[in-house]
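Listed below are the residues making up each chain.
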Amino acid sequence: MAKSGKPKLAVWKFSSCDGCQLSLLDCEDELLAVAEKVDIANFPEASRAVVKGPYDVSLVEGSITTPHDAERIHRVRRSSKLLITIGACATAGGIQALRNFKNVNEFISIVYANPQYIETLNKSTAIADHVHVDFELRGCPINKYQLVEVISALLNGRKPNIPPYSVCVECKRRGTVCGLVSHGSYCLGPVTQAGCNALCPTYHRACFGCYGPKETPNTASLSALWEASGVPQEDLVRLYRGFNAYADAFRKESEAHEQ
Amino acid sequence: MKNGSIKVDYLARVEGEGALLVKVKNKVVTDVKFRIFEPPRFFEAFLRGRSYNEVPDIVARICGICPVAYQMSSVHAIENAFGIQVTGPLRELRRLLYCGEWIESHALHVFMLHAPDFLGYQDVLQMAKDHGDLVKQALELKKVGNDIVNLIGGREIHPINVRVGGFYRLPTKQELATLAERLKWAMEFSVKMVKFTGTLTFPDFERDYEYVALRHQDEYPFNEGRLVSSKGLDISVPEYEAHFAEEHVEHSNALQSICKDSGAYFVGPLARYNLNFDKLTKTAQESARSAKLGKTCNNPFKSIIVRSVETLHACEEALRIIAQYQGPETPAVTIKPRAGTGYGCTEAPRGILYHRYRIDDKGKILDAKIVPPTSQNQKTIEQDLREFVPPRLKLTQEQLTWQCEQAIRNYDPCISCATHFLRLDIQTDET
Chain A
1023 MAKSGKPKLA
1033 VWKFSSCDGC
1043 QLSLLDCEDE
1053 LLAVAEKVDI
1063 ANFPEASRAV
1073 VKGPYDVSLV
1083 EGSITTPHDA
1093 ERIHRVRRSS
1103 KLLITIGACA
1113 TAGGIQALRN
1123 FKNVNEFISI
1133 VYANPQYIET
1143 LNKSTAIADH
1153 VHVDFELRGC
1163 PINKYQLVEV
1173 ISALLNGRKP
1183 NIPPYSVCVE
1193 CKRRGTVCGL
1203 VSHGSYCLGP
1213 VTQAGCNALC
1223 PTYHRACFGC
1233 YGPKETPNTA
1243 SLSALWEASG
1253 VPQEDLVRLY
1263 RGFNAYADAF
1273 RKESEAHEQ
Chain B
10 MKNGSIKVDY
20 LARVEGEGAL
30 LVKVKNKVVT
40 DVKFRIFEPP
50 RFFEAFLRGR
60 SYNEVPDIVA
70 RICGICPVAY
80 QMSSVHAIEN
90 AFGIQVTGPL
100 RELRRLLYCG
110 EWIESHALHV
120 FMLHAPDFLG
130 YQDVLQMAKD
140 HGDLVKQALE
150 LKKVGNDIVN
160 LIGGREIHPI
170 NVRVGGFYRL
180 PTKQELATLA
190 ERLKWAMEFS
200 VKMVKFTGTL
210 TFPDFERDYE
220 YVALRHQDEY
230 PFNEGRLVSS
240 KGLDISVPEY
250 EAHFAEEHVE
260 HSNALQSICK
270 DSGAYFVGPL
280 ARYNLNFDKL
290 TKTAQESARS
300 AKLGKTCNNP
310 FKSIIVRSVE
320 TLHACEEALR
330 IIAQYQGPET
340 PAVTIKPRAG
350 TGYGCTEAPR
360 GILYHRYRID
370 DKGKILDAKI
380 VPPTSQNQKT
390 IEQDLREFVP
400 PRLKLTQEQL
410 TWQCEQAIRN
420 YDPCISCATH
430 FLRLDIQTDE
440 T
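Just so you know, the sequences run in chain order A and B.
Just so you know, we're using the numbering used here here: the first sequence kicks off at 1023 and counts up by one.
Just so you know, we're using the numbering used here here: the second sequence kicks off at 10 and counts up by one.
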């Protein structure tokens, strides 16, 4: 607790696009109210002021991709009572985990003229692969209202109400016509966790898996359906290899179709 | 400080991870390093082998602050490769989406990241204690910008509605109309924003920069135009790489760009303003004048006024687009992939964002190149600090460090973009 008696919140960044922590600043209607209830003690994107730890809640964005970060995350864990990971990078390695399927040295030489200056690990990995995580909030990006729900649940000592069911449930609730059934679209909705309020189907496009695998996803059955309609193996691999490519269920399914 | 160093290990109120080190010996700055230690993410590498239609969604993930810019540069580059031009109401909707991103990004930077420096606060929450109404209105302005991106793009961070050829779903006239009332308020508030930023105190600091921005015959630039500079460059977008090169330096995970003929250059709001003042709306021009801003400005600290002027322009432009909107017949033009190379450059809130893609006849990406605004400004930022520090060595270490940070924030650096970057170290050798 800070001197003010308010719980101390810290925000940490690892390899990421900054979008998930920006979600906090994007809570235009809630930001000042949140700041009344918690002491935003360490949030470099928003403030120069740093209050020393330990912190009651740490929000961690980004994946582990460098030897330095693999060590830094342990320091963050030690200074945090509760550690919450936010977004696909932190919960599954993010889009940069596409390197995990290739040789990273080849990647470095494609982008950088002097590869010897670049220090990076072979794999981009989720925070939970390195330290104990108290709660994972999914999404690429996270849903800001889910973030406010997680913070307020933790402050009140209850479990966050974040449903683990699929995007399909959200589509049915919104009354959105099913693209997979009616147009045979390559929709990842049946195997993807809800949280976006079925955004893509509502915008007339197929879900591409921003929130990662739902609880107990039947990816094999979905792939079989697509195979039957003639989708090439190469495309199946690509479908599962997006922002959550290294989440277990998606990784295994993509590997099953790699030739 | 005669000898020593200014050191900031983790620069705050910028997007991403960077640091600064300024070394001073006998009152002379001997070294300036604007370090980018944000881990590299290799976007150009993993775009290879992906389908053209996945590109706008993938490149959005380079930056959570300006995903629309990445989506816009990529769709323009890919359409260029396929020989397609998106015109009419679809082009107008793209401009509207970009207005939304400029409004939210500029409101974020002006009030939440930069203004606290001028007023002596650590952050916007501290500032809100003394300037509550202003901060509340700033948040409302940001929200108006975000709501445009939300409606046209589907969500404010990593929008899902942009595709090569147009959009997946078109907004209805009614949905757009609901934005108009709020935009009218936003426009009125932007006039106050220009006035407010015009009253701030600015360090006396000017340099002879080479500004580079897009220039379009009829419009203040968003998505197209020729690349022009204040020193006479005037080229088409595909000629970019013939005139600009990227260097890989040891202290940075971001490649630094230079103009092959003249070295460091300056992109972003100040560059756009200096090269396109005549294309701003009359209200924006008058508002700039009333804030005592000339047609050109060479003080990077005043970029905070220029961002406010651009916000006003974007509100007005958004209102114009909404008032004239006639829904297109289809949400996107038909795409036929063909083999080739495409070039695209658009004006991200922080400056020009260049993309180039080589694509095969099935629409598969063979090769990609992305040059974000922050990489292009890196060298200019370092040069600014070399000149900014020496006359200010009488300041305390704490004051000088803060002012150096402020000088970096003039550029609204986006480090996540630049690595696809930043820490501040000011080191003093006590001799």
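Everything labelled a hint here was simulated from the structure, so no lab data went into it.
It cannot be assumed that every hint is accurate.
Quick list of in silico lysine-lysine cross-link-like pairs, BS3-like style, CA-CA up to 30 Å [what the hints assert, rightly or not]:
| id | chain 1 | residue 1 | chain 2 | residue 2 |
| --- | --- | --- | --- | --- |
| 1 | A | Lys-1074 | B | Lys-16 |
| 2 | A | Lys-1074 | B | Lys-145 |
| 3 | B | Lys-36 | B | Lys-16 |
| 4 | B | Lys-240 | A | Lys-1028 |
| 5 | B | Lys-42 | A | Lys-1145 |
| 6 | B | Lys-373 | A | Lys-1145 |
| 7 | B | Lys-36 | B | Lys-145 |
| 8 | B | Lys-182 | A | Lys-1194 |
| 9 | B | Lys-34 | A | Lys-1059 |
| 10 | A | Lys-1124 | B | Lys-378 |
| 11 | B | Lys-269 | B | Lys-378 |
| 12 | B | Lys-138 | A | Lys-1103 |
| 13 | A | Lys-1028 | B | Lys-138 |
| 14 | B | Lys-371 | A | Lys-1274 |
| 15 | B | Lys-373 | B | Lys-388 |
| 16 | A | Lys-1124 | B | Lys-193 |
| 17 | B | Lys-182 | B | Lys-42 |
| 18 | A | Lys-1074 | A | Lys-1194 |
| 19 | A | Lys-1274 | B | Lys-16 |
| 20 | B | Lys-378 | A | Lys-1145 |
| 21 | A | Lys-1124 | B | Lys-373 |
| 22 | B | Lys-34 | B | Lys-388 |
| 23 | A | Lys-1181 | A | Lys-1194 |
Structure-based check of all given hints:
Of the supplied pair hints, the one linking A/Lys-1074 and B/Lys-16 holds, its CA atoms being roughly 19 Å apart against a limit of 30 Å. For the hint pairing A/Lys-1074 with B/Lys-145, the CA-to-CA distance comes to about 28 Å; that is within 30 Å, so the pair holds. About 16 Å separates the Cα atoms of B/Lys-36 and B/Lys-16, which keeps this hinted pair within 30 Å; it holds. About 55 Å separates the Cα atoms of B/Lys-240 and A/Lys-1028, which puts this hinted pair outside 30 Å; it is violated.
For a cut-off of 30 Å, the pair hint linking B/Lys-42 to A/Lys-1145 stands: about 29 Å separates their Cα positions. Between B/Lys-373 and A/Lys-1145 the alpha-carbon distance is near 25 Å, which keeps this suggested pair within the 30 Å criterion. Restraint check for B/Lys-36 and B/Lys-145: not satisfied, since their Cα atoms lie roughly 43 Å apart, outside the 30 Å limit. Restraint check for B/Lys-182 and A/Lys-1194: the C-alpha separation of about 26 Å stays at or below 30 Å, so the hint holds.
Straight-line distance between C-alpha atoms of B/Lys-34 and A/Lys-1059 comes to about 47 Å, which puts the hinted pair past the 30 Å bound. For a cut-off of 30 Å, the pair hint linking A/Lys-1124 to B/Lys-378 stands: about 19 Å separates their Cα positions. With a C-alpha separation of about 18 Å, the suggested pairing of B/Lys-269 with B/Lys-378 holds against the 30 Å cut-off. Restraint check for B/Lys-138 and A/Lys-1103: satisfied, since their Cα atoms lie roughly 29 Å apart, inside the 30 Å limit.
Taking the CA atoms of A/Lys-1028 and B/Lys-138, the gap is about 17 Å. The hint holds against a cut of 30 Å. A threshold of 30 Å between alpha carbons decides the hint, and for B/Lys-371 with A/Lys-1274 the separation of about 27 Å falls inside it, so the pair holds. Restraint check for B/Lys-373 and B/Lys-388: not satisfied, since their Cα atoms lie roughly 34 Å apart, outside the 30 Å limit. For the suggested pair A/Lys-1124 and B/Lys-193, the alpha carbons sit about 51 Å apart, so the restraint of at most 30 Å is broken.
The suggested pairing of B/Lys-182 with B/Lys-42 is violated, with an alpha-carbon distance near 50 Å, which exceeds 30 Å. A C-alpha spacing of about 47 Å is found between A/Lys-1074 and A/Lys-1194, which places the hinted pair above 30 Å, so the restraint is violated. Distance check on the hinted pair: A/Lys-1274 and B/Lys-16 sit about 46 Å apart at the alpha-carbon level, beyond 30 Å; violated. For the hint linking B/Lys-378 to A/Lys-1145, the alpha-carbon distance of about 23 Å falls within 30 Å, and the restraint holds.
At roughly 18 Å between alpha-carbon atoms, A/Lys-1124 and B/Lys-373 fall within 30 Å of each other, so this suggested pair holds. As the CA atoms of B/Lys-34 and B/Lys-388 are separated by approximately 21 Å, the hinted pair is consistent with the 30 Å bound. Restraint check for A/Lys-1181 and A/Lys-1194: satisfied, since their Cα atoms lie roughly 26 Å apart, inside the 30 Å limit.
When the structure is compared with the earlier hints, violations turn up for hints 4, 7, 9, 15, 16, 17, 18 and 19 and for no others.
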